[in-house]
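Chains as they are written, first to last, in this note's numbering: chain B, 1 to 401; chain E, 1 to 193.
The set of hints was computed from the structure by calculation and includes no laboratory data. Be a bit skeptical, because a hint or two may be false.
[Said to hold, decoys possible] Residues from chain E shown here face chain B by an in silico Cβ test under 8 Å; the list is partial: (1) Gly36; (2) Ile61; (3) Leu67; (4) Lys68.
[To be verified] Which chain E residues face chain B? A few, computed with CB under 8 Å, are given here: (5) Lys33; (6) Ile150; (7) Asn152; (8) Glu166.
[Stated by the list, open to error] Pairwise CB distance ranges (calculated): (9) B:Lys68 with E:Lys68: 30 to 38 Å; (10) E:Gln136 with B:Val50: 49 to 57 Å; (11) E:Asn152 with B:Val50: 46 to 54 Å; (12) B:Glu24 with E:Leu183: 45 to 53 Å; (13) B:Glu5 with E:Lys68: 45 to 53 Å; (14) B:Pro17 with E:His139: 21 to 29 Å; (15) B:Asn23 with E:Glu51: 19 to 27 Å; (16) B:Lys33 with E:Lys95: 20 to 28 Å; (17) E:Glu51 with B:Ile54: 22 to 30 Å; (18) E:His139 with B:Glu24: 26 to 34 Å.
The beta carbon of each residue, even a glycine, is placed where N, CA and C say it ideally should be.
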Amino acid sequence: MTWEEKIRNNINEEVFPPQKDWNEFSLKYHRFKVLKRLKYTSLAVVTILVLGLIGYHFAQQNNKDEAKAKIQVEKPVIIDNQVVNGEVQAQTADTIEKDFTHETKSNKNNSETINSVNKKQNEVTIADTENNIENNNNDSIAVHSPKAVEKLISANFSADKVKGCASLTVHFTPKEICDSAIYLWEFGDGSFSNKMTPVHQYTTGNFSVSLTTKHFNSNKQNQILKKDFIIVLKQPKADFSYTISENNNLLATDFSTNYEQIQWTADNVKYFETNPEFSFNTGNHTVTLLVINQWCSDSITKIIPVFQKIMMFTPTAFTPDGNGQNDEFKPVFSHLPDSYKLLIFDQWGKIVFSSTIVNRGWDGKINGQSPKEGIYMWKIVYQQKNNKPVEKSGQVKLILK
Amino acid sequence: MKNWDLSNSDDVYRLIEENRKGNIVAQRVLYEKMSGRMLYLCFRYVNDMDEARDLMHDGMIKVFDSLKKYKHIGSFEGWVRRIVLNNMLDYLRRKNRISFSEDLDYRHGSVNEAEKKFEMECTKMKAEMILKLIKQLPHAYKLVFNLYVIENFTHREIAEFLGISENTSKSNLSKAKQRLRELYKTKYSNKID
Chain B
1 MTWEEKIRNN
11 INEEVFPPQK
21 DWNEFSLKYH
31 RFKVLKRLKY
41 TSLAVVTILV
51 LGLIGYHFAQ
61 QNNKDEAKAK
71 IQVEKPVIID
81 NQVVNGEVQA
91 QTADTIEKDF
101 THETKSNKNN
111 SETINSVNKK
121 QNEVTIADTE
131 NNIENNNNDS
141 IAVHSPKAVE
151 KLISANFSAD
161 KVKGCASLTV
171 HFTPKEICDS
181 AIYLWEFGDG
191 SFSNKMTPVH
201 QYTTGNFSVS
211 LTTKHFNSNK
221 QNQILKKDFI
231 IVLKQPKADF
241 SYTISENNNL
251 LATDFSTNYE
261 QIQWTADNVK
271 YFETNPEFSF
281 NTGNHTVTLL
291 VINQWCSDSI
301 TKIIPVFQKI
311 MMFTPTAFTP
321 DGNGQNDEFK
331 PVFSHLPDSY
341 KLLIFDQWGK
351 IVFSSTIVNR
361 GWDGKINGQS
371 PKEGIYMWKI
381 VYQQKNNKPV
391 EKSGQVKLIL
401 K
Chain E
1 MKNWDLSNSD
11 DVYRLIEENR
21 KGNIVAQRVL
31 YEKMSGRMLY
41 LCFRYVNDMD
51 EARDLMHDGM
61 IKVFDSLKKY
71 KHIGSFEGWV
81 RRIVLNNMLD
91 YLRRKNRISF
101 SEDLDYRHGS
111 VNEAEKKFEM
121 ECTKMKAEMI
131 LKLIKQLPHA
141 YKLVFNLYVI
151 ENFTHREIAE
161 FLGISENTSK
171 SNLSKAKQRL
181 RELYKTKYSN
191 KID
């Protein structure tokens, strides 16, 4: 046991007796608790107060802004005209005065008196107009202050589209949007709406639109009529047909309606004729027709296949003697058609031979018998894909030695 | 009123629970059981009895305030003692701005003969006498001596408490002992040669 432990034990054995000052202590403890509670509540109160103040400040600022905005909106609408009128009046008065002085320079005798009288009159009129302006200003401010009962609401309005083609959907918006206002829209085609921001569908024609506004609390109403505000044209429609001539030329025919300008695009080349003729090589061609009126357009695109023209050559005579030259009658094609039929008739119109294979020609035999010399009729029908079948006929001479 | 025994852990548990419920009688019991020890604890660090009583009151208020946070781990008296002590150290630090003399020459374990003799003498002394001697020490020495010898903290803990280095704590303890011996000599010169 070290000396420290011994001292510790010594000291720990000795203890002051239990203190009998509970009342004093409980008072202190109570005060402490109250202070603590007070601290928290005061903190909460202060934070609430600060938040409230900030909120109040912002609300007031908003109110000020709104009030400013209202005044800014209302003042120019009504007062501007009158101010302008007043200025105009004043200017005219000045010019009259100047004119008059110019005239009176010649008559120096009377000039001064007349001038003075005239000046006085002018002064009076100017003063009057100024007074009027002031009065008007005061009146207008008194009438259009936010607290006034009679509040005029601007009947001006705008639309997202004013021009277009048939079945045009237009969104209207009034200039001044106010929840406590009554709006009456006349769309010019006999229909009405009470909505604040209506949507209307127009057919072809010119339409005058009017808006009537009224504050529900007021007796005065505003109306603005815009003449021929909406102009709707017929929707153009593009359509065409075509024929391919024997020379592989494509003749297009326009069937479009309601258009002013026309534009063809064939393989990225533009043409402006109504019914153009294109000369094409074989292959697929893209032909686009675009028709335009004042504001709208329509287009149609067709992919047109053009095939190579088939050339056919038929001999006029043949010798089926087995020497390897001109032994058979058969046509010669520049390239093979998709379908083919050869018929050969004798002089009596009887079919003596028929074939659907290009390379299989007639060797002159009739029902296996040896050929007879004479003139025979042939008929060839062949067809290219998507084209009309071509039918040709002619005569051929069968010659034996 | 029931006779509570704080050495019985069940009693301590029930007393604390009663306190938490806001039972004023239980609060009084707890206060009266603890107040003597805590007053003695405080009295070791300050010279004035009234000051010690105020410190004890403040500490006990903190104990009652943070009783909800007590988790029934370890000894309850230790927990109370720790709170009171912390409160008091805060107070002393604020009041006195204790300056600890840092002695770089101090080497741990160099206990001379005279010191050993004094230590032997101390074990025979009564607590009351040691207390009287301690009271005459300067603040810094008194603090370190109290914390190390009586409260049984290590030098590291003391250094953490007071915001000083471990060596400063050790040198201050050594000087405290030296001073104690001198004081002891002057008062009871006939008992020590």
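Checked against the structure, which of the hints given earlier come out wrong?
3, 4, 8, 9, 12, 13, 17
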